[in-house]
Amino acid sequence: MKVTRAEHCIVALAECFRGDGEIVANPIGTIPMIAGRLARASFEPRLMATDGEAALIADHGAFSWPAGRTVEYYNPYRSMFDIVWSGRRHVVMGATQIDAYGNQNFAAIGADYSVPKAQLIGFRGAPGNTVNHATSYWVPNHSPRVFVEKVDVVTGVGWDRAEAAGPAALEFFDLRRVVTDLGVFDFGGPAHRMRLIGVHPGVSVEQVLGATGFEPAVAEPMGLTRDPTDEELRLIREVIDPEGLRHRELPEDRR
Amino acid sequence: MSKLLGEADVVSQLSDGMTIGIGGWGSRRKPMSIVKAIAASRLCDLTVVSCAGPDLGVLCAAGKVRRAVYPFASLDSVPLEPHFRVARQAGRVEDVPFDEGMFLLGLQAAAWRVPFLPTRAGLGSDLMSLNPTLSTVRSPFEDGLELVAVPALRLDAAICHLNVSDENGNAAFLGPDLYFDDLFLRAAPARRFISVERVVPTADLVKEAGTELRLRVARMMVDGVVESPGGARFTSCEPDYGRDEETQRAYADSARSVEAWRDFWRSWA
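So the protein sequences, as listed, match chains A and B.
Residues 1 to 255 (the working numbering) make up the first sequence, in order.
Residues 1 to 269 (the working numbering) make up the second sequence, in order.
Heads up, some of the hints might be wrong.
Unchecked claim - Negatives, chain B to chain A, calculated, CB over 12 Å:
# : residue
1 : Val11
2 : Cys44
3 : Asp45
4 : Ala62
5 : Ser74
6 : Glu94
7 : Ala190
8 : Gly210
9 : Asp244
Said to hold, decoys possible - Some chain B residues flagged as far from chain A (calculated, every beta-carbon gap over 12 Å):
#  : residue
10 : Lys3
11 : Leu4
12 : Ala40
13 : Leu80
14 : Leu105
15 : Val114
16 : Ala152
17 : Arg154
18 : Glu197
19 : Arg198
20 : Thr202
21 : Leu205
22 : Glu227
23 : Asp240
24 : Ser257
25 : Ala269
Stated by the list, open to error - Across the chosen pairs, the derived CB separations fall in these ranges:
#  : chain 1 : residue 1 : chain 2 : residue 2 : range
26 : A       : Pro144    : B       : Gln13     : 21 to 31 Å
27 : A       : Val115    : B       : Arg256    : 11 to 21 Å
28 : A       : Ala164    : B       : Arg42     : 26 to 36 Å
29 : A       : Pro144    : B       : Trp112    : 21 to 31 Å
30 : B       : Tyr241    : A       : Val218    : 47 to 57 Å
31 : A       : Pro66     : B       : Asp76     : 45 to 55 Å
32 : B       : Gly144    : A       : Ala191    : 25 to 35 Å
33 : B       : Arg198    : A       : Val71     : 39 to 49 Å
The hints are simulated quantities; they were obtained by calculation from the structure and are not laboratory data.
Source: prediction; values computed, not measured.
Cβ atoms here follow ideal geometry from the backbone N, Cα and C, with glycine treated the same way.
Take the sequences, apply the hints, and build the full model.
Laid out in structure tokens, this is it:
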């Protein structure tokens, strides 16, 4: 069966966790959660994972555990900050806006914060996450509205802002990758600007650049997101996401 | 010495302009029966401190909120708090944004009676310019690092909903998470109120809770107890009940107009 775009995105996001070892992989969102489970079930078995509530669990299923959960650790809301501030976590957050240095916004849209055009969720844990441990982003709708020259509000800290804020902000700053429905970026461009390092099968570099509201660096040679192995595909389809929620987040016929 | 009282008694101890901390998280275990009583009262100009859900939204829709101190506002199954959005986008609410961990430290500082606690959280972000209460502090030690000083979030009143208590205010949470409820109750020197699903004799508390590990609210942290079965509805109060998604959807839909809110309020209150 043909590998879907959602499944390539899952592979690209799972690869973000390669080499992370015994930390909490905390991907937020449907496709990132599947990807975290996939990394642990295959090449990064020491990762720990949340049930989305107050426990770290050993199960491969991402969303439901009909046979019951296998709890490894009780991790109520407050304990999460012990993990965040000790650095043993790699978060994958969403972004309503993100700029070339990886500054993220999901708090509010508009020039005047006191009367925003659109109030969003708030700062959540983004400021603390980004200066304490590994951070990657997932953007399921890659467009110039998301990839902007300058975000309206800096919630998650990017490279330029971390450098300006000084050593306490930089010491554990670890901005990794941005994965979208079109491709994969790191921050290996000049002055840590975003750099396109890979596209998903069926996507051209021009298509990515056209959907990006700033000029990213472009890696040479350009990478191509690999296909999942047969075993990875079986894990995704039969074990981690048998309900197919990945295609609800990213329908195959969307573009 | 019983501390039992009603929602109206709680409201009578609050006054205009107070800073009120509300426990729970998003649309989980919110003290909605007391929130409803505040919304129906003549109180105004409140500062609401909350991991916000419909507690903040209802009070915004009722015109009670002057200032919101919060790390996020969400209804969980509805990602964004619709009534808070309306109030913010109309410029009716002063916004004091926090990072979640920073919010924990603010409550903890108030509970420990220190003026601030230091953290890296906030450095480099727009919190430093958008939240005027934040400052920075230099480590007095060899590292000399400049960190964020999170000011104590001192509360004039704290309100939480728990599953079970005795009439003196010893209480237990039976769901998956206490959230910051104990910190809210400690961050207020007075006017600390809990509502609970049921009040039982002190001798039955451990049996009700299953283990003493769940007895995380002590009577010295509580000034008043409201027995309010279903008092968190339409938010969840596991394991007593889950979220009433249908009512929550109706609540969310009612943000589209003043008339829609009035209709919802009439049927809900």
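Each hint tested on the structure:
Every C-beta of chain A lies more than 12 Å from that of Val11 (chain B), the closest at about 27 Å, which supports listing it as non-interface. Listed as outside the interface, Cys44 (chain B) is consistent with that label: its C-beta sits roughly 20 Å from the nearest C-beta of chain A, beyond the 12 Å cut-off. Every Cβ of chain A is farther than 12 Å from the Cβ of Asp45 (chain B); the closest lies at roughly 17 Å, confirming the non-interface assignment. No Cβ of chain A approaches the Cβ of Ala62 (chain B) within 12 Å, the least distance being about 18 Å, so the stated non-interface status holds.
The Cβ of Ser74 (chain B) does not lie farther than 12 Å from every Cβ of chain A; its closest approach is about 6 Å, which violates its non-interface assignment. With a cut of 12 Å on Cβ distances, Glu94 (chain B) falls inside the contact zone with chain A, its closest approach being about 8 Å. The claim that Ala190 (chain B) is not at the interface with chain A holds, since no C-beta of that chain comes within 12 Å of its own (minimum 24 Å). At roughly 14 Å, the least C-beta separation between Gly210 (chain B) and chain A is larger than 12 Å, which holds for a residue marked as non-interface.
With 12 Å as the threshold on Cβ separation, the claim that Asp244 (chain B) sits away from chain A holds: the shortest Cβ distance comes to roughly 19 Å. No Cβ of chain A comes within 12 Å of the Cβ of Lys3 (chain B); the nearest lies about 26 Å off, and the non-interface call holds. Remark: the non-interface label on Leu4 (chain B) is consistent with the geometry, its nearest Cβ contact in chain A lying 29 Å away (cut-off 12 Å). Under the 12 Å C-beta cut-off, the non-interface status given to Ala40 (chain B) relative to chain A holds; the minimum distance is some 25 Å.
Distance check for Leu80 (chain B) against chain A: the nearest CB is about 6 Å away, which does not clear 12 Å, and the non-interface claim fails. Listed as a non-interface residue, Leu105 (chain B) fails to keep its Cβ farther than 12 Å from every Cβ of chain A; the least gap is roughly 9 Å. No beta-carbon of chain A comes within 12 Å of the beta-carbon of Val114 (chain B); the shortest separation is about 18 Å. Every Cβ of chain A is farther than 12 Å from the Cβ of Ala152 (chain B); the closest lies at roughly 17 Å, confirming the non-interface assignment.
Once the 12 Å rule is applied to beta carbons, Arg154 (chain B) is consistent with being away from chain A; the minimum gap is 20 Å. Non-interface status of Glu197 (chain B) relative to chain A is upheld: no Cβ of that chain comes within 12 Å, the nearest being about 19 Å off. Residue placement check: Arg198 (chain B) keeps its beta carbon more than 12 Å from all beta carbons of chain A (closest about 23 Å). With 12 Å as the threshold on Cβ separation, the claim that Thr202 (chain B) sits away from chain A holds: the shortest Cβ distance comes to roughly 25 Å.
Separation of Leu205 (chain B) from chain A is adequate, the least Cβ-Cβ distance of about 20 Å exceeding the 12 Å criterion. For Glu227 (chain B), the requirement that its beta carbon stay farther than 12 Å from each beta carbon of chain A is met, with the minimum near 26 Å. The Cβ of Asp240 (chain B) sits about 16 Å from the closest Cβ of chain A, beyond the 12 Å cut-off, so the non-interface label holds. The non-interface label for Ser257 (chain B) is consistent with chain A: the shortest C-beta to C-beta separation is roughly 17 Å, beyond 12 Å.
Chain A leaves Ala269 (chain B) outside its interface by the beta-carbon criterion, the shortest separation being 25 Å against a cut-off of 12 Å. In this structure the supplied range 21 to 31 Å is violated for Pro144 (chain A) paired with Gln13 (chain B), their Cβ-Cβ distance being about 53 Å. The hint said 11 to 21 Å for the Cβ distance between Val115 (chain A) and Arg256 (chain B), and at roughly 19 Å that hint holds. Checking the proposed 26 to 36 Å range against Ala164 (chain A) and Arg42 (chain B) shows it is violated: the Cβ atoms sit about 48 Å from each other.
A beta carbon spacing of about 47 Å between Pro144 (chain A) and Trp112 (chain B) contradicts the range 21 to 31 Å that was offered as a hint. Between Tyr241 (chain B) and Val218 (chain A) the beta carbons are some 54 Å apart, a value that agrees with the proposed interval 47 to 57 Å. Restraint check, Pro66 (chain A) to Asp76 (chain B): a C-beta distance of roughly 22 Å breaks the suggested window 45 to 55 Å. At roughly 26 Å, the beta-carbon separation of Gly144 (chain B) and Ala191 (chain A) lies within the given 25 to 35 Å, and the hint holds.
Here the CB-CB span from Arg198 (chain B) to Val71 (chain A) is close to 28 Å, at odds with the stated 39 to 49 Å.
Of the numbered hints given earlier, the model fails hints 5, 6, 13, 14, 26, 28, 29, 31, 33; all others are met.
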